[in-house]
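A.B. asks: Residues in the sequence shown are numbered consecutively from 1, following full-length UniProt numbering.
To be clear, the hints were calculated from the coordinates, so they are not data collected in a lab. Remember, it's a predicted structure, so these values are computed and weren't measured experimentally. All residues carry an ideal CB built from backbone N, CA and C; glycine is no exception. Treat the hints with care, as some may be off.
Using 25 angstroms as the maximum straight-line C-alpha spacing, the simulated DMTMM-like pairs for lysine to aspartate or glutamate come out as follows [claimed, not checked]:
#, residue 1, residue 2
1, K34, D142
2, K160, E297
3, K81, E137
4, K267, D194
5, K34, D194
6, K321, E281
7, K446, E354
8, K160, E137
9, K81, E192
10, K525, E444
11, K81, E157
12, K160, E281
13, K418, E444
14, K81, E104
15, K92, E152
16, K92, E106
17, K224, E157
18, K267, E354
Okay, the calculated beta carbon distance ranges per label pair [claimed, not checked]:
#, residue 1, residue 2, range
19, A133, D27, 26 to 32 angstroms
20, N529, D417, 52 to 58 angstroms
21, A295, P414, 52 to 58 angstroms
22, K34, T279, 23 to 29 angstroms
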Amino acid sequence: MAIRELLQYVQDAYAALTQLSMIIVDDDGNPVTKVSNLTELAELVLFVAQKEGTTFFCPRELSIESWQRPILAPVGCLGMKSILAPIFVEGKAEYWVWSGVLIEEETKWLVREQSMVDDKWAAVIAQAAVLPAGAVEAKLRDIERMAAICGELIRGERCKQRYHAYGKPLEAALADHPLAYDAGRLLARLQELDPRLDVALYIERRPQACVVVAANGEKAERLKGRTIDPLFPPLVAWDGPFHPIYFQEAALDPRFSFFVRHDIRPKMLIAYPAVYEQTLEGWAIVASETALSPAEELLPLGHMLVQHWLLLTRCAEASAKTDRHLMRLSMLMEIGRAMRVVQNEEEIVRMMVEFAVELAYGEFVCAVWCCDDRTTVIHEGALTASAASGYREEVRRRYGRGEKAKNQAPTLVPIGDKTVMEVPFFVRDRHYGVLAVHIRQPAEAKEAEVYIAALAAIGALMMQGAVYQDDEGIIDIDMLSEQLTAREMDVLELLIQGCSNREISERLFISVHTVKNHITNIFQKIGVNDRSQLIALVYQLNHRRRR
Numbered sequence: 001m002a003i004r005e006l007l008q009y010v011q012d013a014y015a016a017l018t019q020l021s022m023i024i025v026d027d028d029g030n031p032v033t034k035v036s037n038l039t040e041l042a043e044l045v046l047f048v049a050q051k052e053g054t055t056f057f058c059p060r061e062l063s064i065e066s067w068q069r070p071i072l073a074p075v076g077c078l079g080m081k082s083i084l085a086p087i088f089v090e091g092k093a094e095y096w097v098w099s100g101v102l103i104e105e106e107t108k109w110l111v112r113e114q115s116m117v118d119d120k121w122a123a124v125i126a127q128a129a130v131l132p133a134g135a136v137e138a139k140l141r142d143i144e145r146m147a148a149i150c151g152e153l154i155r156g157e158r159c160k161q162r163y164h165a166y167g168k169p170l171e172a173a174l175a176d177h178p179l180a181y182d183a184g185r186l187l188a189r190l191q192e193l194d195p196r197l198d199v200a201l202y203i204e205r206r207p208q209a210c211v212v213v214a215a216n217g218e219k220a221e222r223l224k225g226r227t228i229d230p231l232f233p234p235l236v237a238w239d240g241p242f243h244p245i246y247f248q249e250a251a252l253d254p255r256f257s258f259f260v261r262h263d264i265r266p267k268m269l270i271a272y273p274a275v276y277e278q279t280l281e282g283w284a285i286v287a288s289e290t291a292l293s294p295a296e297e298l299l300p301l302g303h304m305l306v307q308h309w310l311l312l313t314r315c316a317e318a319s320a321k322t323d324r325h326l327m328r329l330s331m332l333m334e335i336g337r338a339m340r341v342v343q344n345e346e347e348i349v350r351m352m353v354e355f356a357v358e359l360a361y362g363e364f365v366c367a368v369w370c371c372d373d374r375t376t377v378i379h380e381g382a383l384t385a386s387a388a389s390g391y392r393e394e395v396r397r398r399y400g401r402g403e404k405a406k407n408q409a410p411t412l413v414p415i416g417d418k419t420v421m422e423v424p425f426f427v428r429d430r431h432y433g434v435l436a437v438h439i440r441q442p443a444e445a446k447e448a449e450v451y452i453a454a455l456a457a458i459g460a461l462m463m464q465g466a467v468y469q470d471d472e473g474i475i476d477i478d479m480l481s482e483q484l485t486a487r488e489m490d491v492l493e494l495l496i497q498g499c500s501n502r503e504i505s506e507r508l509f510i511s512v513h514t515v516k517n518h519i520t521n522i523f524q525k526i527g528v529n530d531r532s533q534l535i536a537l538v539y540q541l542n543h544r545r546r547r
């Protein structure tokens with residue numbers, strides 16, 4: 001709703017309450033609203049007097065800028081009065097309420113004497129209501145409340161209009177999906193808010209330094225890829241509080257000497273923090289070499305744009321990461337299916353290496369496979385033959401005959417000047433291996449551990465399953481039952497059902513200690529390290545022993 005319509009509603013309501021004629025005007029006396037509750041006396045004052053060349057009310061001419069509350073002012077004939085009330089908007093009197101006409105009891109005789117001169121006035125004044133002093137005070141208070149309400153309505157409507165104007169760039173940003181991936185587009189959006197901005201940078205926080213990753217502007221382009229001085233960021237610590245910072249004459253501030261050295265001398269500069277989950281990730285900087293102060297909406301709207309862009313970017317990264325995980329899980333399932341039909345252990349290791357290369361965590365993948373007295377190295381990527389040979393000897397030294405590979409967890413180890421994620425796997429006595437994947441970024445180590453460990457476990461499981469298959473690829477259950485005693489088969493049956501050690505001891509009427517011994521023997525005979533591997537193997541063999 002327009003401000004004029006809002007003011008008219010309020011004016012109509014208070015005119016009915018006070019039984020006075022009312023109108024709101026600007027500083028020059030121009031009407032902002034239509035007259036409410038127009039009486040004959042008010043009509044004479046407002047319209048007849050004006051036709052005769054008399055202006056009833058002009059705030060600018062009356063010099064009433066210093067008024068803070070409603071006052072009684074003379075109007076029309078001598079002795080008649082009206083109420084003048086300023087409407088303050090954000091501390092400034094911008095509009096005025098005129099309400100009248102009032103005839104007080106103390107001055108009614110004077111008004112009547114004056115009206116006798118003019119029959120036109122005499123007839124109207126004779127019928128006009130006369131107010132006691134107390135009633136006049138009450139109307140002054142009513143008009144004061146009305147002026148305050150009008151001021152708040154105007155302020156609120158202007159804020160609404162400003163926010164609507166702010167929302168247009170945000171709406172455009174919401175529809176601009178590439179904004180989520182490109183810091184340069186963010187900077188362009190910020191510069192659109194104030195055409196005087198001739199420098200825009202996005203400075204990313206990195207473990208060792210702050211680096212300019214995007215720049216807009218002829219001079220700003222020179223800074224792209226450069227490291228910012230340690231004195232930056234200005235004023236705000238990395239742990240908050242986080243809010244935009246505005247600087248005047250930034251070229252004179254030693255903290256911005258980095259810009260001056262590159263021939264950028266900003267008179268005005270704003271630094272927007274880019275914050276995600278209470279962590280400061282960087283700064284969006286906009287500056288002007290000509291303007292000393294920014295546009296009013298630049299600070300709040302720019303801050304919203306930066307946070308919106310960062311949130312979109314993080315959402316896009318999370319979505320891409322999810323897609324990558326789904327793709328890799330699908331690949332892991334496919335490689336598992338492919339390994340099931342392979343009978344050669346070394347070929348399974350080679351498939352493990354090829355899949356690890358597809359994960360692309362680094363520059364190379366290396367696998368060392370120890371089978372009886374023979375040791376094979378399979379590697380792909382940027383790894384020299386001499387480095388691979390040296391790593392093979394290192395694996396044989398550290399893991400010996402494979403005993404250490406049984407319970408060894410994934411770990412980060414060096415190969416030359418590179419760091420690799422090393423995952424050992426054990427198949428059976430004197431058959432073990434180590435899968436090593438180069439890690440380019442330390443942040444990827446956690447994800448790499450999950451996938452590489454899963455790949456090694458699947459490969460070991462497939463190689464273990466090949467032991468129990470005949471030439472036609474059919475599972476030989478008798479070989480498994482021949483390796484285990486009758487009691488161990490009983491324990492195995494309950495393990496497959498998911499029973500705990502205590503439940504097995506209660507069902508078989510043996511101690512928990514004895515159950516643990518049987519489980520250890522089963523693991524060693526079958527060649528697995530834990531229950532999950534055992535259950536996976538047995539289900540793969542499609543074995544459900546029937547008593």
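A.B. asks: It remains to establish, for every hint, whether it holds in the given structure.
C.D. replies: Each hint, compared with the structure:
1. K34 x D142: Status holds; Cα separation ~19 angstroms.
2. K160 x E297: This hinted pair holds, its Cα atoms lying about 13 angstroms apart.
3. K81 x E137: holds, 13 angstroms
4. K267 x D194: Distance ~14 angstroms between K267 and D194 Cα, so the pair holds.
5. K34 x D194: violated, 38 angstroms
6. K321 x E281: Roughly 19 angstroms between the alpha carbons, so the hint for K321 and E281 holds.
7. K446 x E354: Given that 25 angstroms is the threshold and the Cα spacing comes to 20 angstroms, the pair holds.
8. K160 x E137: violated, 35 angstroms
9. K81 x E192: With Cα atoms ~53 angstroms apart, K81 and E192 exceed 25 angstroms; violated.
10. K525 x E444: Roughly 36 angstroms between the alpha carbons, so the hint for K525 and E444 is violated.
11. K81 x E157: violated, 32 angstroms
12. K160 x E281: violated, 32 angstroms
13. K418 x E444: holds, 14 angstroms
14. K81 x E104: holds, 8 angstroms
15. K92 x E152: holds, 12 angstroms
16. K92 x E106: Roughly 35 angstroms between the alpha carbons, so the hint for K92 and E106 is violated.
17. K224 x E157: Given that 25 angstroms is the threshold and the Cα spacing comes to 43 angstroms, the pair is violated.
18. K267 x E354: Roughly 58 angstroms separates the two Cα atoms, so the pair is violated.
19. A133 x D27: 26 to 32 angstroms: With Cβ atoms ~31 angstroms apart, the hint holds.
20. N529 x D417: 52 to 58 angstroms: violated, 32 angstroms
21. A295 x P414: 52 to 58 angstroms: 55 angstroms Cβ-Cβ, so the 52 to 58 angstroms window holds.
22. K34 x T279: 23 to 29 angstroms: violated, 57 angstroms
In summary, the structure is inconsistent with hints 5, 8, 9, 10, 11, 12, 16, 17, 18, 20 and 22 from the numbered list given earlier, while agreeing with the others.
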